[in-house]
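Visitor: Read top to bottom, the protein sequences are chains A and B.
With the first sequence counted from 1, adding 757 to any position gets you the working numbering.
With the second sequence counted from 1, adding 757 to any position gets you the working numbering.
If you're looking for bench data, these hints aren't it; they were derived computationally from the structure.
A quick note: this is a predicted structure, and the numbers were derived from the prediction, not measured.
No incorrect hints appear here.
No copy is singled out in the list; a pair is fine if it fits within one copy or between any two copies.
Straight-line distance between alpha carbons at most 27 Å, and here's what the computed DSS-like set of lysine-lysine pairs gives:
#, residue 1, residue 2
1, 1338, 1304
2, 1239, 979
3, 787, 961
4, 961, 764
5, 1261, 1024
One letter stands for each residue in the lines below.
2 protein chains.
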Amino acid sequence: MNGWTGKMLRVDLSAGSTSIEKIDEEILKKYLGGRGLGTYLVYTEVPPDTDPLGEENILAFCTGAMTGVNVPTGGRSSLSTLSPLTGTIFDSNTGSQFGVRLRWAGFDALVIKGISPTPVWLEITAEGATIHPANELWGKEIPDTISTLKERGTSTVSIGPAGENKVLFASIADEKGRSYGRGGVGAIMGAKNLKALRAKGKEKPGIANKDIFDFVNYEASKMVTASPRTSDALPEFGSSVLVNIMNEYGVFPSRNFQRGEFETAYKISGEKLKEDYLVRRGACWGCPIGCKRVTKTKDEKGEGPEYESIYALGSSLDIDDFETIVSANYLCNRLGMDTISCGATIACAMELEERGKLDTELSFGRADLLLKTIEDIAYRRGLGDEIAEGSKRLSERYDMPEVAMQVKGLEFPAYDPRGMQGQGLLYATSNRGACHLRGNMLGPELLGAPKMLDRHASSGKAGVLIVMQHTNAVIDSIGMCKFVNYAIGDDFFARFLTSVSGIKYETQDLQLAGERIWNLERLYNLRAGFTQKDDNLPPRFTEEPLKEGGSAGHVVHLDEMLTEYYRFRSWSADGIPSEKKIIALGLDTLEMEQEDA
Amino acid sequence: MNGWTGKMLRVDLSAGSTSIEKIDEEILKKYLGGRGLGTYLVYTEVPPDTDPLGEENILAFCTGAMTGVNVPTGGRSSLSTLSPLTGTIFDSNTGSQFGVRLRWAGFDALVIKGISPTPVWLEITAEGATIHPANELWGKEIPDTISTLKERGTSTVSIGPAGENKVLFASIADEKGRSYGRGGVGAIMGAKNLKALRAKGKEKPGIANKDIFDFVNYEASKMVTASPRTSDALPEFGSSVLVNIMNEYGVFPSRNFQRGEFETAYKISGEKLKEDYLVRRGACWGCPIGCKRVTKTKDEKGEGPEYESIYALGSSLDIDDFETIVSANYLCNRLGMDTISCGATIACAMELEERGKLDTELSFGRADLLLKTIEDIAYRRGLGDEIAEGSKRLSERYDMPEVAMQVKGLEFPAYDPRGMQGQGLLYATSNRGACHLRGNMLGPELLGAPKMLDRHASSGKAGVLIVMQHTNAVIDSIGMCKFVNYAIGDDFFARFLTSVSGIKYETQDLQLAGERIWNLERLYNLRAGFTQKDDNLPPRFTEEPLKEGGSAGHVVHLDEMLTEYYRFRSWSADGIPSEKKIIALGLDTLEMEQEDA
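For reference, chain A alone in the conformation it holds in the complex (with noise of 0.2 Å):
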């Protein structure tokens, strides 16, 4: 089948079986495949009272029509699952090779369940999936587990100690870091006894129509070559391009979004990794861009870190010790932890400890603990091991909920909503919690683009949030890059994979693609039992003015968004989808499956 290959490959390491199914093509041409395949199946075969870390939860890892085909950042894959951490429906992108060598293995899907018995790890190939005993690499970190699976034509994804420990947001990653990396994935292969996985493949997808798709290919790579974003800043910089900018503008956090700029931000920039640290730049497959940082400390060499990293293993901990940040950021890596939640699950930690709640040496500025502490939390070491628990479970412990920086379990990336209206509508309403890259307000308003909107207006924003979540939802499920969007339009999205799927997709299928996928999410979570009172954010962010920066005096406001955005999304004032909407995105159809156990 052209687009898609039509195949699942279905893992139950309970029973240790495998097996090769046939995927409805109706589905792939509904979700697409990624995250919206992903979603898909969480959607029907994982009711929202399963337990996240037991036998019935899937990792659903999900390539898209474009994962592996050599576009602009064709490199990209999608893992879908019920997490741990939110207790949402979620899923995790990466631009690890381990997407692209499962598509070339010849699969949409690679869908696992249950428990093993032992530690196993699992080979797939063309012919399918193949269990093996991981007695001995269980215990290691990520680079050592993948240097021993190591294989040539092969791509391979682990977890580390803080995946086998259950750490809430542990993640999935490669040798180079590039990582499922939100959402406690980790922690479910961990808690399957799943320590790795190993993708062989080398068969290209299909295209249907060549003449048209390398057309578009070639005024693709043009748009890419020619865009100042993607031929200049990043691939110059890296995502820390972004620390001075945003510094700039006043909503680069600071000591757990207590402040909006943080004074000695240049000592952490993109222009000081590149001056001090890096070595090359680095690309996933597939990628003109090439925004990753091949990096070196005086002991160590690895990647990043990213703007995010920077923000929460420095600035949120009031670090600005770049040896130190770079040293956590790999540590993270080699231990398989989402640098996001695990620095600002600490920031948390600090603010307790600020506030008299916590009594621990652990305070805002102690660049001295940070190597320790994340050690910590992987081994679920004293403090670490509440840590380890997330922001949100670990300020409940102490009665202090207000000091977690999370919407619906999920930790808050780098950008302070204060400062940018329509991005505090975007994480209250993100379905998998605080998130940046489920429709991404940086663009429109602090970028301009692809259009310049005033960040301090909360009026019009829903609409606009609306379509960027959509777009995502995309861009996540063909397996391309957001990066991307910087330098070509929605309509090439649909002009691949017109052409690679010889079905006819316009600009606007896709965006009604996008609004399914969003709807079907959000149906899981209402299921699950999330409500409108959880499209919200920390008081902190309502409530307290930034008092100093670019954005000193401002609040969100949440309130007067939320009602336009139910308003335009056709769902009712409590948040709830229409059956009129429901049934225009034929999702009135879909039964939510009981598994047999």
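Here the structure of chain A is known, so what remains is to put chain B in place on it, guided by the hints.
Guide: Only chain B this time, still in chain A's reference frame:
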């Protein structure tokens, strides 16, 4: 002064005097030049109860900071006045080289008032203006006039018989038909006894920061060369590339908007134009896109027709004889009339005939009568004399105002708003009437540029439209072309203006400037007696669903969009800008000066 010349040339035709004045730098910074400066001049100098064809009205030809600067599409200029057709403040924009030469002569503005006792033409050089007798030019068509005045290193615009005869949609054009086209600006020149203007100038504008300018220009040129719309669609087919696309969507008007599709659209498409009439591409000064069509019929050579002219002189009249349409376009250009209002008012007459209100041979489909009718209008003969007053007055004369496809007296361009909700809101709210160039929703609603919105949704459109309205006000004010915005984002306009003027403009500063201009236009119209009731559409669009084609079944949901629009603009429910908004835009200190006659 970098960025602007800071000089204004004033001509009083009653007194026969001319002078050169300084323009306050703060005004230029705030209103940018071009349309913004013209709006300021009309607002402060022309009381709204002025007779548009009387002595007190001014013609304010304004150049922008980028007019005549060698950047992609830096060849545009603007003309602001009080329109005799609409009674609103009005600006008309052109790619004629006249504006470039005016700028090179050293002027940001040329302001003409008064009435000459005898026909004159105006010569503009760096030294100032000279008034010359034009008795021998009077009565001539535009190309004849201009060839008489032709001189190396100059550019001339003129009126034709239509302007002399005060046809309310008479234009001012150069020999190629590139016009200050809409709103009857040619009638004002006619009323002033001013036949033509010739500008001679050689001094290129100063650039504050050449290195940065060169870099921005390099990046912008890369984008124009890379973007499929500016490097492929527009160069290849011109604006008439839209005929087949719009017809497909069911928004290509025929029979005076009684239908949204035209069966034989393919006969009058951009593809057909290329096949049968194209001689070569043409381009305005400084434009790498080159959307102009140098064409020829068996009898004549000229430019065009543009997409809008093909609708107005073709499909809307139920005429698919392309030779007649091309000839009619040439004829309008020679006689000096806006093709849109001319054709649309003929369509109005045809519908009056169809409905039995008007006893005439001129009925839908009568291609054989078109050229004669156009001449009759320009020379105000018979029914032509009535059509020369525009559709609003014509339809009211026959007591059937609902068949005039106009808003605030300005006739519709070629996009049926029943298939584009946001476009409907645009027509209703544009300060100069039913205009597609004051915030076109074609991009977001049909082309996916910069993002694809659901064209049939009304929710959320207001927010997007407002941003588009501001961007377009900015582009009109700095002297660039809206087509370039398909390739470069708003940030480029800020970067260009910054490098040329040496004054730091962020993208958001330009949005604010656009908002300032928009609100000032609004305030003028309110003082002129327009009210919220004039933000309306002909009942056809809100009450009669299209019966066939790609937008069948739809009407415009104007009221709900309008409510949202006023709210987002911080205007009252009556459409009046709030005091707070007026202050925020710095418009509270602006005084409408009483002119001394």
